[in-house]
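Student: Residue-level listing of the chains:
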Amino acid sequence: EAQVTQNPRYLITVTGKKLTVTCSQNMNHEYMSWYRQDPGLGLRQIYYSMNVEVTDKGDVPEGYKVSRKEKRNFPLILESPSPNQTSLYFCASSLMGGRAGVGELFFGEGSRLTVL
Amino acid sequence: AQSVTQLGSHVSVSEGALVLLRCNYSSSVPPYLFWYVQYPNQGLQLLLKYTSAATLVKGINGFEAEFKKSETSFHLTKPSAHMSDAAEYFCAVKGGSYIPTFGRGTSLIVHP
Numbered sequence: 068e069a070q071v072t073q074n075p076r077y078l079i080t081v082t083g084k085k086l087t088v089t090c091s092q093n094m095n096h097e098y099m100s101w102y103r104q105d106p107g108l109g110l111r112q113i114y115y116s117m118n119v120e121v122t123d124k125g126d127v128p129e130g131y132k133v134s135r136k137e138k139r140n141f142p143l144i145l146e147s148p149s150p151n152q153t154s155l156y157f158c159a160s161s162l163m164g165g166r167a168g169v170g171e172l173f174f175g176e177g178s179r180l181t182v183l
Numbered sequence: 004a005q006s007v008t009q010l011g012s013h014v015s016v017s018e019g020a021l022v023l024l025r026c027n028y029s030s031s032v033p034p035y036l037f038w039y040v041q042y043p044n045q046g047l048q049l050l051l052k053y054t055s056a057a058t059l060v061k062g063i064n065g066f067e068a069e070f071k072k073s074e075t076s077f078h079l080t081k082p083s084a085h086m087s088d089a090a091e092y093f094c095a096v097k098g099g100s101y102i103p104t105f106g107r108g109t110s111l112i113v114h115p
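So the protein lines, in turn, are chains A and B. Counting from 68, one number per residue, gives the positions in the first sequence under my numbering. Counting from 4, one number per residue, gives the positions in the second sequence under my numbering.
Okay, chain A solo, but in the shape it has when bound (with noise of 0.2 Å):
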């Protein structure tokens, strides 16, 4: 089944302790992001992957890092988590180049993380 997977789905943690958000995907999808969803503020971007090793920042990278080494995989990293990133994070994927660039993004179940 094509699905994409997060993990944990919920988390509480405390300020400054360094967390991973997991994601991946059984798409051979080349296109891989980050989202925030916020009362109020709908979807927002921390950061997206093109390929392999390529990554760039979305509308709201500040405090968050990602990494790309594995086509499937896609790690949403908080070294120093803070209340203001107590959100519901999305990972979504979807084909791109030529035709796939009409392609819609496939979305994991959501993680939802509480910063005390």
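Hint data in this document are derived by calculation from the structure and do not stem from the laboratory. All of these numbers come straight from a predicted model, not from anything done at the bench. Heads up, the beta-carbon is just placed ideally off N, CA and C, and yes, glycines get one too. Hints may be right or wrong, so weigh each one.
Stated by the list, open to error - Computed spacing ranges between beta-carbons, pair by pair:
{"id": "1", "chain 1": "A", "residue 1": "MET163", "chain 2": "B", "residue 2": "LYS71", "range": "25 to 33 Å"}
{"id": "2", "chain 1": "A", "residue 1": "ASP123", "chain 2": "B", "residue 2": "GLY65", "range": "31 to 39 Å"}
{"id": "3", "chain 1": "A", "residue 1": "THR82", "chain 2": "B", "residue 2": "ARG107", "range": "22 to 30 Å"}
{"id": "4", "chain 1": "B", "residue 1": "GLY19", "chain 2": "A", "residue 2": "LYS124", "range": "39 to 47 Å"}
{"id": "5", "chain 1": "B", "residue 1": "MET86", "chain 2": "A", "residue 2": "THR181", "range": "29 to 37 Å"}
{"id": "6", "chain 1": "A", "residue 1": "VAL81", "chain 2": "B", "residue 2": "MET86", "range": "33 to 41 Å"}
{"id": "7", "chain 1": "A", "residue 1": "ASP123", "chain 2": "B", "residue 2": "GLU74", "range": "29 to 37 Å"}
{"id": "8", "chain 1": "A", "residue 1": "SER147", "chain 2": "B", "residue 2": "GLY19", "range": "50 to 58 Å"}
{"id": "9", "chain 1": "B", "residue 1": "GLU74", "chain 2": "A", "residue 2": "LYS85", "range": "45 to 53 Å"}
Based on these hints, arrange chain B on the given structure of chain A.
Tutor: Same frame as chain A, now just chain B:
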């Protein structure tokens, strides 16, 4: 540059009534347009997409959307709302970039 405006953060309808969710876009090139739906405690999933093949696009669960270039709109409609349609709906545009821009979302509330 590309952008999306969804009019109304909340839309309330009665079961059986017409659903109309509004989306206006801007794009410097002919766009690809998408509607996604997010049910409670789930990720987003594609409802339908416009890729220039036809201006009236049919999606899942009885939804459809019409691309109107002159109005730069891509409004989502459904003739008769069901309780199960209650969800958050997002419009998105891809212009000259592979990176989509999302609207802020519209929460659809369906009353019995």
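Student: All hints, please: hold or fail.
Tutor: Verification of the supplied hints:
Distance hint check for MET163(A) and LYS71(B): the Cβ-Cβ separation is about 28 Å, which falls inside the suggested range of 25 to 33 Å. ASP123(A) and GLY65(B) have their C-beta atoms about 38 Å apart, which keeps the hinted 31 to 39 Å range intact. With their beta carbons about 28 Å apart, THR82(A) and ARG107(B) fall inside the hinted range of 22 to 30 Å. For the pair GLY19(B) and LYS124(A), the beta carbons lie near 46 Å from each other, so the given range of 39 to 47 Å is met.
Checked against the hint of 29 to 37 Å, the C-beta distance between MET86(B) and THR181(A) comes to roughly 30 Å, which is consistent with it. A hinted range of 33 to 41 Å for the beta carbons of VAL81(A) and MET86(B) is consistent with their spacing of about 40 Å. Between ASP123(A) and GLU74(B) the CB atoms are about 33 Å apart, so this pair conforms to the stated range of 29 to 37 Å. The hinted range of 50 to 58 Å is satisfied by SER147(A) and GLY19(B), whose Cβ atoms lie roughly 52 Å apart.
Between GLU74(B) and LYS85(A) the CB atoms are about 49 Å apart, so this pair conforms to the stated range of 45 to 53 Å.
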